[in-house]
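Using the sequences and the accompanying hints, generate a full structural model.
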Amino acid sequence: MTSPRDLTADLRALPYPAPPPDMTGIVLARIAQLEEKETVSTAAVETAAARRADWTLWIALGGLVAGLVIAMLNFPAPSAMTALARGGPMAGLGNVSSAPQATLALVAGFVIYVVSLFLPVRERR
Amino acid sequence: MTASDLDVVRSVRRGDRDAFGHLVRAYQGRLFGLVLMMVREPAGAEEVTQDAFVRAYTHLGQYDDRRPFYPWIAAIAVRLAQNWLRHHGRSVHREGTALESVDEPGATTLASLSALIDDEGKRTLWRAVATLPSGERTAVILYYRDEMAVSDIARALGVTIGTIKTFLFRARRHLRERLKTDSETSPTERTTR
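Protein chains in written order, with the working numbering: chain D, 6 to 130; chain P, 8 to 200.
There's no promise every hint is true.
Claimed, not checked - Derived SDA-like pairs: lysine to any residue, alpha-carbon spacing no greater than 25 Å straight-line:
1. P:K129 with D:P25
2. P:K129 with P:H181
3. P:K129 with P:E191
4. D:K42 with P:D25
5. P:K187 with D:Y21
6. P:K129 with D:L12
7. P:K187 with P:T173
As the list claims (entries may be wrong) - Some chain P residues close to chain D (C-beta under 7 Å, calculated; not the full set):
8. V31
9. Q35
10. V61
11. Y64
Derived by calculation from the structure, the hints in this document are not laboratory data. Note that the Cβ used here is the ideal one computed from N, Cα and C, for glycine as well.
Here it is in structure tokens:
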């Protein structure tokens, strides 16, 4: 057994120790379990994404409504129109933002816009 | 890769999970033997072999089917076995005395390794191989018994081709010495070791 040729031949003929019984079954069961887990987590991610999409839609709608409220509250105001005619668009804006309801709606709309703008970034973290 | 292996891999990639069972049956003996030689604990070897198959399944997309299947899965098994050794407090180095374990309590479990091999003559050789430093041991199994190319072994172990050649050279020398000593020792003494 100690000559180089014999040693090589013996090493090539080394037997394989018997693997544990039913390794195939165990491996396939583990794979099935893994895939099941993946399916569940994928479904959870999809549900969360759908919920997020719904929320984003509501926020966008809220922003739109807030914008419309601002426009409706201020656009037809005669003082604003007069100011616009006298001093240009910036003078009109001064009058618009001076009304408390309009200021409140403007701030709410701005907050909603900013939140919806950064929401995807926060969700990714 | 054999034609049937290729067919199986294609089936698995098409979503036939059970087809993977053919690959497990075909390679479990070789892979378990390799891992057992590395970790030297049957329970640990079983765990690592299972993990290697599961990892191979989940990463089958990365497998290049123009190359043989066994070296690919053997590389996975070797990495997992090295992680297992590290996790169980046995040192594994990649440089210098590469993959040389300083303290391997697994040597005490060689009796259980012998229980897995029927033939006494083959057991003697297994015992001799099992007492080699881990890098030499793995290289011997992969090169001689599994007939892998030196370059594939180097890739699997994460060392250079030169290192593998050195491992094989040293392993042959160590084995000759150990087998010579073993043949000079009486059978009674051998069984008590």
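We went through each hint and held it up to the structure:
1. P:K129 with D:P25: holds (19 Å)
2. P:K129 with P:H181: holds (17 Å)
3. P:K129 with P:E191: holds (17 Å)
4. D:K42 with P:D25: holds (18 Å)
5. P:K187 with D:Y21: Status holds; Cα separation ~24 Å.
6. P:K129 with D:L12: holds (12 Å)
7. P:K187 with P:T173: Since the Cα atoms of P:K187 and P:T173 sit roughly 21 Å apart, the hinted pair holds (cutoff 25 Å).
8. V31: Result: holds, 4 Å to nearest chain D Cβ.
9. Q35: At about 4 Å, which falls below the 7 Å cut-off, the nearest Cβ of chain D leaves the hint on P:Q35 intact, so it holds.
10. V61: holds (5 Å)
11. Y64: Holds. Min distance 5 Å.
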